[in-house]
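Peer 1: This is what each chain is made of:
Number of protein chains: 4
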Amino acid sequence: MIVSDMAMTPRAALLARYRAVRRRTEQLCAPLAVDDYQIQSVPEVSPPKWHLAHTTWFFETFLLRPLLPAYRPFHPRYEYLFNSYYETVGTFYPRAERGHLSRPTVEEVYRYRARVDECLGALVTEAPPDQYRELVFRITLGVNHEQQHQELLLMDVKRNFAASPLRPAYRTTPPAPAPARPAALTWLERPEGVFEVGHAGDGFAFDNETPRHRVLLRPHRLASRAVTNGEYLEFVEAGGYREPRHWLADGWQVCRKEKWEAPLYWEKSGDKWWQMTLAGLRPLADHEPVCHVSFYEADAFARWGGRRLPTEEELEVATAGRPVRGNFVESELLHPAPAGGDGQWFGDVWEWTASPYSPYPGFRPLPGSLGEYNGKFMVNQLVLRGGCCVTPESHMRPTYRNFFYPHDRWPFTGIRLAEDA
Amino acid sequence: MIVSDMAMTPRAALLARYRAVRRRTEQLCAPLAVDDYQIQSVPEVSPPKWHLAHTTWFFETFLLRPLLPAYRPFHPRYEYLFNSYYETVGTFYPRAERGHLSRPTVEEVYRYRARVDECLGALVTEAPPDQYRELVFRITLGVNHEQQHQELLLMDVKRNFAASPLRPAYRTTPPAPAPARPAALTWLERPEGVFEVGHAGDGFAFDNETPRHRVLLRPHRLASRAVTNGEYLEFVEAGGYREPRHWLADGWQVCRKEKWEAPLYWEKSGDKWWQMTLAGLRPLADHEPVCHVSFYEADAFARWGGRRLPTEEELEVATAGRPVRGNFVESELLHPAPAGGDGQWFGDVWEWTASPYSPYPGFRPLPGSLGEYNGKFMVNQLVLRGGCCVTPESHMRPTYRNFFYPHDRWPFTGIRLAEDA
Amino acid sequence: MIVSDMAMTPRAALLARYRAVRRRTEQLCAPLAVDDYQIQSVPEVSPPKWHLAHTTWFFETFLLRPLLPAYRPFHPRYEYLFNSYYETVGTFYPRAERGHLSRPTVEEVYRYRARVDECLGALVTEAPPDQYRELVFRITLGVNHEQQHQELLLMDVKRNFAASPLRPAYRTTPPAPAPARPAALTWLERPEGVFEVGHAGDGFAFDNETPRHRVLLRPHRLASRAVTNGEYLEFVEAGGYREPRHWLADGWQVCRKEKWEAPLYWEKSGDKWWQMTLAGLRPLADHEPVCHVSFYEADAFARWGGRRLPTEEELEVATAGRPVRGNFVESELLHPAPAGGDGQWFGDVWEWTASPYSPYPGFRPLPGSLGEYNGKFMVNQLVLRGGCCVTPESHMRPTYRNFFYPHDRWPFTGIRLAEDA
Amino acid sequence: MIVSDMAMTPRAALLARYRAVRRRTEQLCAPLAVDDYQIQSVPEVSPPKWHLAHTTWFFETFLLRPLLPAYRPFHPRYEYLFNSYYETVGTFYPRAERGHLSRPTVEEVYRYRARVDECLGALVTEAPPDQYRELVFRITLGVNHEQQHQELLLMDVKRNFAASPLRPAYRTTPPAPAPARPAALTWLERPEGVFEVGHAGDGFAFDNETPRHRVLLRPHRLASRAVTNGEYLEFVEAGGYREPRHWLADGWQVCRKEKWEAPLYWEKSGDKWWQMTLAGLRPLADHEPVCHVSFYEADAFARWGGRRLPTEEELEVATAGRPVRGNFVESELLHPAPAGGDGQWFGDVWEWTASPYSPYPGFRPLPGSLGEYNGKFMVNQLVLRGGCCVTPESHMRPTYRNFFYPHDRWPFTGIRLAEDA
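Residue numbers (the working numbering), protein chains in the order written: chain Z, 1 to 421; chain C, 1 to 421; chain L, 1 to 421; chain V, 1 to 421.
Just to be clear, a hint being listed does not mean it is correct.
What the hints assert, rightly or not - Here's a subset of chain L near chain C, in silico, CB distances under 7 Å, partners left out: (1) Asp250; (2) Pro356; (3) Pro361; (4) Pro365; (5) Leu366; (6) Lys376.
Keep in mind that the hints were calculated from the coordinates and are not lab data.
In this text, a Cβ means the ideal position worked out from N, Cα and C, and glycines have one as well.
Next up, chain Z with everything else stripped away, as it sits in the complex (with noise of 0.2 Å):
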């Protein structure tokens, strides 16, 4: 991670941007009634009070206890309880059972949240002038991670709404606006040639970002907007998840294996198509991106047409120098919208790339247990780009690297097309 002048942020900024993103997380809770923050319905998900405990727990553990003498850890047990998975912070308690703790209680952990909310405050105030550059810097980590967790909370609520039969609603949302007539597909070509990737200069960035670095790009076509429901329907109802020549290998035996006749959250109920949002069940609608595909389901969509995923790097130079605007958490849709025209670059759903996640070449992970934040993971994943309409606005930028594994389907992920020019 890269926080340039940091030493000139001013402390009452510094402070007023980690209450804002703190409070912004309660916000998010504010429509959970108290079981719902209990909830782990698969292992990959965790209930929405681990998630406020533990990114309570990051600032405690990078901040608190290192940088500030008198701090007293809140709860001798938490350190234990709420690391996700830094070894070298210690030992932690396993993930998959996440939903068997009911201790604390949702209002311990707001406790908790509230005590260490207010030594930030002290320590924010009081550090020393020699500290203030890494306090700035490990500040900033921590209010990009519990963004990070924003965005996962939400997912998890809905994979866990998604897994009771009444199908719960997180909350009403606004219907998206209805473009006036849909977004046509249109081909964005660019030649040969050598191109800088990677995060450099001013601003944060995770370190998974950097270094900068020049990479060789063949000739191609990126499409100009997502794949759509209706596009993905034809796909289904032409038996894609039927042949297996459309797939991957492994990604054909996961389609067998765990059934998949769709995208997670499509559900068929007579001869009419609905989807689970966080809104509840609503009819399928045609224009709207297609959202909630796995790696393989992405992949062999486009090989059915003929075209491929998009390279990592490929769309980062596409969006480089773009603004970034779409349809984020702030449009409070929470769910992803038809395309405007405007490419589609950022926000509505993060975009399968065919890039496998890889360390950048002359990649460091940061130095220490925060070193264990990005690096350790990179094998097996697959790089998403552009954030999701559940994404915070100020998280995201063109260099930004998500990751998850080819058969996840739960986060916001959807699939824009390329083939070679």
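Dock chains C, L and V against chain Z, hints included.
Peer 2: Only chains C, L and V this time, still in chain Z's reference frame:
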């Protein structure tokens, strides 16, 4: 089940009994936070919330739906969500996923209870005389069913809380009254003879306790009290958990696979043994009955000492005619207490028997869906007798047959020794 | 096990008996290719090669090592490789991986057998008179043990061959002699009474058949023959495998999980049923006894017809004193044959009983490692009676207790019905 | 795959090449007992018999059936039994159960081979000129396919034999010729530049090596030989297998779950290390290349030493134009040998790269079923380069891309280090 003179129970008394048991369930939940209602730490336990709803479903399904013409189900999906295992009623939500349901909320479940209680009151008041005998029978069955779930609820809360690294207490309890001195172990001898066992005559009993029938017992002796922690600790410290020759082959396999080294809830800290209780961690007390052992451990312990477990008929004959008194849930200890010299025949710990849970000769299950209550479980399990410290006293009788799988350890299970005479 | 008048058996006769049984095992392997000796298609079967070696290990371990001073083990690792489950002898190679051992080769295993046979001959000839009683006992036990493995070998070969898409035949067999007309089903009634069951007196028996003891039987009736394929087919075609109400809960769970739709080895082609036999695929014959059903299926079939399974004591009392004649392995049919009117009490199919496999009252296992032979399996299994078409006739007797898990279907298991009188 | 000037290969030469490779497979089986042909000790290996049959099936399916009009399949079920993974050819026998097939016997499989060889000879002789180019292509592909299975066969035999407590030898082998003194480790530096990689022009290559394309490489250095056992032992003894910080997160999880403590086939006896080889157990030799490590171990070792693994492009550029010489199967060592100073670019051990196995830009799989050969595996695996001591020399070339999952250890896999310049 047999409820004699059913038509004689006054309506007011019937309703009072119903209400007392229903209220008791809710009282048992009073120490729980909303968070605690939701937890299912292992597949064999159910969340407290589910127990509250399922017992209500029982009255709704077997009383209100068939007998109260005006009754409208509280919610269309509850039939599916809160059916435990009645195949002839319909499909049911998977048992292992009961902890994944945050909705209905605890508050809604209490509303469900209140509504069913209200309608049940109306049903008792208004039922025509020719239905009244059936009404008494079904309410009595439902009340006994709810008492079983009161015990399960406490067993399950203990299991959930023991799984937490915080080892929370359900509530504080008074220490067990220590007897002046430990009850000596003596042996009660009985010569060979033909005896009658099983239920007949007045009073309620489950169908699995019938029909009353004659059995031939061999000469034998029964211990005058349950095995204590101190006695069991000798087995542990003699390497009992590392010596396959004491164990049944299936038991040894479980012991190795699960890495058993002591009863469930025992833990060693330094060289001192502790045990998890409903009041939190407490030092292991030598004179308390050993509790939370599987059939395999009970059998291995008996074999190690050159003894055996009693049969269910030996225990029934020994307890027939004795008053049902002991350390039941009403003592509020919620933990087995040292023997006081009365034979410890009831309460404290369920006693594993050597008897597989099989139908009595001539057994006929109840007609209809209620025939699934007991009969379909008559394989692969062992009979336990006598009730325990979390059983309601009014729920117990000498003919009562409880049953669990030989590897189960989360019920309050203990050991009484026997030997051939 | 009891072998009376052991010291009286002449040495030559003892050796002849030993040699006959050993030779018989090898004859049973004659139809096998070297390839066939190696297969373990499911964990519960053992490769034929393993049976050949293990039975030899039994004589080496329990006769040659302790009693023949000059004996040097054939190979230092065979004690580990061919120990089945004797914990007190030492550790053993994992059962589920027996099919992973290509060495020793079949040829080496036959050399192992020859060497042990030779030394056993020397032992019988040279044993001092004061050891002779023990010698007779152990050889008799070993011979009976080898007969059990002869049956297992044929069961396992059938299981292996049935798993092959080629459905190979072990060998051709003559068709069963069809009776002039099917034996009618009649009922043998017995009034209540106290009877003696279990082994006593002259002749060999396993320890689990002792001690002889008195039991009280209720009035009941037993069917005069085993259930036929034709009768069982009615259950299948009436939807018996889709109706949970006929099944024990544990059985229904297995039935669903394993997708059972008929007995093991039945397969439907078009609208015709076939069954796999040791002679390959043959059309299902209506009048043959149904075979290869689990206890769960046997119990469900009986319940569907309003009947029950007999207890092991009812069967023992019914067969006591009857000559042990029937369709055993010596008939060379290797398949159950239609009832001929003699009650079908022995041979054809092992009859599931309603009796859990438990110790008889007063049971004491053999001393030392041989005590592991039977006693440690006395939980979770059910008793079967009467022997089957691949059992050696000389191995059977009315007190014989076989035992399998309720889900096991690969033994030659069938059904005799009973009912209360 | 590209076979240039295909129509120019004389028929006799084509057939001679075919026959030589087919004969070679059978020679590799010469040390096996019939018993050994059958074993599948873990799901990822195949029985030798299956390799013999499957390679034959390949010629039958892709040559004889489509191109020899008079051809009648050898057996109707072999298409199903010996299809590995070609979904578009039809369904196939489950991979994990290949060790459960005793039929066809080894003898029958050799007859199958002979028959197909005979018909292939006829096909080569009689094919009309307009089919000849396609014939050369398919036979060349089939011959390369069979060479891959020669290597798999030796890998799998080693895995099977290592699983046996007897640790049998496949055959005795000469010790590796020890170099006068160990080859020093030096670093070959290369500055940044654009290079071409991938296959083009004359000679055979698989489709996954195409198309040839330009890549931009960063300045880097490559080690002059593979990592040795002695070097790797330092990592082991420094606690490398107990320190999560060296490992990728997925790798650490596998390491813990599988209880890895050293490379596959290493075992410690007292304080001495041994390794299982195709010649049986041998002391671990310090100067031999470390072998049978997973990608996770290779990556952790590199990270521990402050280095990294090379990319596949770095290795290809380094080896381009070098003669393909090294310790291949023809040396008959069947084991990696100490580096001799020639860079060890080929043979000895497959070198893990940091490159996920992805399609080259513009990649097009072969048309039809043969398109399943390589393309559908392009996810979740890593590329390996250079061949090993059980690879046929004529099978290797600088553009060759092998691929395995990151946890795979049973191939002859080793490590070459790299670093940024």
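Peer 1: It remains to establish, for every hint, whether it holds in the given structure.
Peer 2: Now for the hints, and whether the structure bears them out:
Given hint, Asp250 of chain L at the interface with chain C, holds; its Cβ is 5 Å from that chain's nearest Cβ, closer than 7 Å. The restraint placing Pro356 of chain L at the interface with chain C holds, with a minimum CB-CB distance near 4 Å, inside the 7 Å limit. Against a cut-off of 7 Å between C-beta atoms, the interface hint on Pro361 of chain L holds, since the closest Cβ of chain C lies about 5 Å away. With a least beta-carbon distance of about 10 Å to chain C, the hint placing Pro365 of chain L at the interface is violated under the 7 Å criterion.
For Leu366 of chain L, the interface hint is violated, since its Cβ never comes within 7 Å of a Cβ in chain C; the closest pair sits about 13 Å apart. For the restraint placing Lys376 of chain L at the interface with chain C, the shortest Cβ-Cβ distance is roughly 4 Å, inside the 7 Å limit, so the hint holds.
Of the numbered hints given earlier, the model fails hints 4, 5; all others are met.
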